[in-house]
Amino acid sequence: MSQSTPPNCEPNSTSTPEQPGVLVVRKHHFLVRWSHWLNLPILLGLILSGISIYWASPIYQHRQDPNTGNADVAADIGIWICAHVPGQHHYSSPPDWIYNHMSLGPGMLALALRLHWSCAYLFMLNGIVYVAGLVMGGAWRSLLPRRTDLLDALRMFRYYLGFPLAKLARRQWLHPRFNTKYNALQRAAYFSVSVAGFVSVATGWSIHKPMQLHWLAELFGGYNAARVWHFWLMWVYFLFVVPHVILVFADGWDTLRSMIVGWSTRAARSEVIAK
Amino acid sequence: MNNDEKERHTFDGMEPVVKSVSVKKPQSFFGERPLTAIEMAPRVLRYQSRRDFLVFGAGALAALAGAGFVLPQQTLSRMGMPRNMDSPGKERFLNKALRIDDDVAEALYSGTRRVPTYTKSQITSLKNNYNGATPDPSYITGWNLTLSGLASGLSISLDIRNLLTRFSVHEQITRLVCVEGWSGIAWWAGLKFDDLLRAYPPMSQAKWARVESSVNLDASGNPDPYFMSLDLATARHRQTLLATHVNGQPLTLDHGAPLRLLVPVKLGLKNVKAITSITYVAEEPRDYWAERGYSRYDGI
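Chains as they are written, first to last, in the working numbering: chain A, -9 to 265; chain B, 13 to 312.
It should be emphasised that the hints constitute simulated quantities derived from the structure, not laboratory data.
Misleading hints may appear alongside valid ones.
Stated by the list, open to error - Each pair of labels, with its calculated beta carbon distance range: (1) SER99/B to LEU151/A: 47 to 53 Å; (2) SER99/B to THR58/A: 48 to 54 Å; (3) PHE230/A to THR124/B: 39 to 45 Å; (4) MET91/B to VAL231/A: 38 to 44 Å; (5) HIS52/A to ALA294/B: 36 to 42 Å; (6) TYR180/A to LEU76/B: 42 to 48 Å; (7) SER99/B to ARG148/A: 27 to 33 Å; (8) PHE230/A to LEU244/B: 33 to 39 Å; (9) PHE81/B to THR58/A: 51 to 57 Å; (10) ASP266/B to THR58/A: 24 to 30 Å.
The model shown is predicted, which means the values in this text are computed figures rather than measured ones.
In this text, a Cβ means the ideal position worked out from N, Cα and C, and glycines have one as well.
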């Protein structure tokens, strides 16, 4: 690890009355932290360019609309928004609305492909960095699913659902107790989003090289099915990121900070109390 | 409810163990290890935090700058960036990324690996994706295929009768994959490109074929010759055909009558319709779509 403890603050070397030591736990290896944050621009680039690529040949199409000339279900959403959302009535090209707002833009397939490949290679490299960080820091063990996870995850789910109501009713609402780094729901989320990353890469390759890697496409049910997989895997990231960000802010500064600095004072505080 | 219990609302870490305390029971390899708590001087923690925040902040700024550098101008303008950020460096960077991907595609290619074939019941419709207007059928009468860059040093002109009588016909039901993402399965028949290469060998230093259709039109119907580079290793693949028939019928105008390239190991844009000439060259020739920002190898 890059930041080993400086010699003057080895455990037991402090506890002088004027400057008491702070108990901290090392939560995230620095490679894990870097790859965590790098995912943000890389995934954003992949999704934005990916939707621009989707524009060229949408998976979900219907019979061409005689009025708009449109056959793309995604473009329909934009047309609906332009017709019903105030302030969008005079949008110049309603079928392009969704691509102008959710992607790099329509009609730029060559550029979107180049960006998608660039980001995809970075994403794979970043995945290797992440796994290396997990192995070097030993944190991979905290992410492995357990036999008790299903029940524990349901308990956590119940806790999160009831938490806002309990707050409103000013009732006490106890966090389920866990003896592990992550609770079962966190573990399920972090584990499955990593798996989703891996499957996104695998489906991506099967679409990118459907002839040389046709066995991979067949694994996902053929070329067309692999495109559908690849498309819906994108939504896994949204499904993950929204509660992830909400919960990090709800959980507090220490959790957010630990993904930057690597350490947390949470365990230390509890240790002091436990004394 | 004691203090201890209350505190656990916010505690998501595991039971802390001070470093000096050894773990009692032996752990299994997959078993989670407790996080070790260590005591740090506040001064050192402050210093390390400041350093990490500065470094990660610099990383965030670099990512923003990088995004501004690679994003298309259209996207940036829409996001309210008035200044033109397009630079030759951006093109170079993105082309470099494309070259890497092309090299990967070339490394994945195997001359002996066959692409999947399908049954007649799996045949799908195949759309006419001429990027411009579909040519007027008048070119078909009097159509010739011109071969040049041959070992003999001559230029050879073949009509469709020569091709159909001199070469044996091969059939295959394969998938054609478009760069746009859609694909179609069709039953193709024609001569093997490899057979043509054997009958009319290219000059010894030739590594590439320039396959051209001079009858191609742009969207407004003006002549727009379509030219494409094909490496000879791919031309020699046994499923690379010069197709004359599709789904049991002679090629229609939409599908490039009377002769089109069918190279299933490449994207559809390499499958030139209505070929009028094939030229063998030593250096990689120009490519219509590579000049428009797509990759040049296009192996799939």
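Here is what the structure says about each hint:
1. SER99/B to LEU151/A: 47 to 53 Å: holds, 51 Å
2. SER99/B to THR58/A: 48 to 54 Å: violated, 37 Å
3. PHE230/A to THR124/B: 39 to 45 Å: Given range 39 to 45 Å: holds, Cβ gap about 42 Å.
4. MET91/B to VAL231/A: 38 to 44 Å: violated, 20 Å
5. HIS52/A to ALA294/B: 36 to 42 Å: violated, 50 Å
6. TYR180/A to LEU76/B: 42 to 48 Å: Once the Cβ atoms are compared, 26 Å apart, the range 42 to 48 Å for LEU76/B and TYR180/A is violated.
7. SER99/B to ARG148/A: 27 to 33 Å: violated, 54 Å
8. PHE230/A to LEU244/B: 33 to 39 Å: violated, 47 Å
9. PHE81/B to THR58/A: 51 to 57 Å: violated, 36 Å
10. ASP266/B to THR58/A: 24 to 30 Å: holds, 26 Å
When held up to the earlier numbered hints, the structure conflicts with 2, 4, 5, 6, 7, 8 and 9 and fits the remainder.
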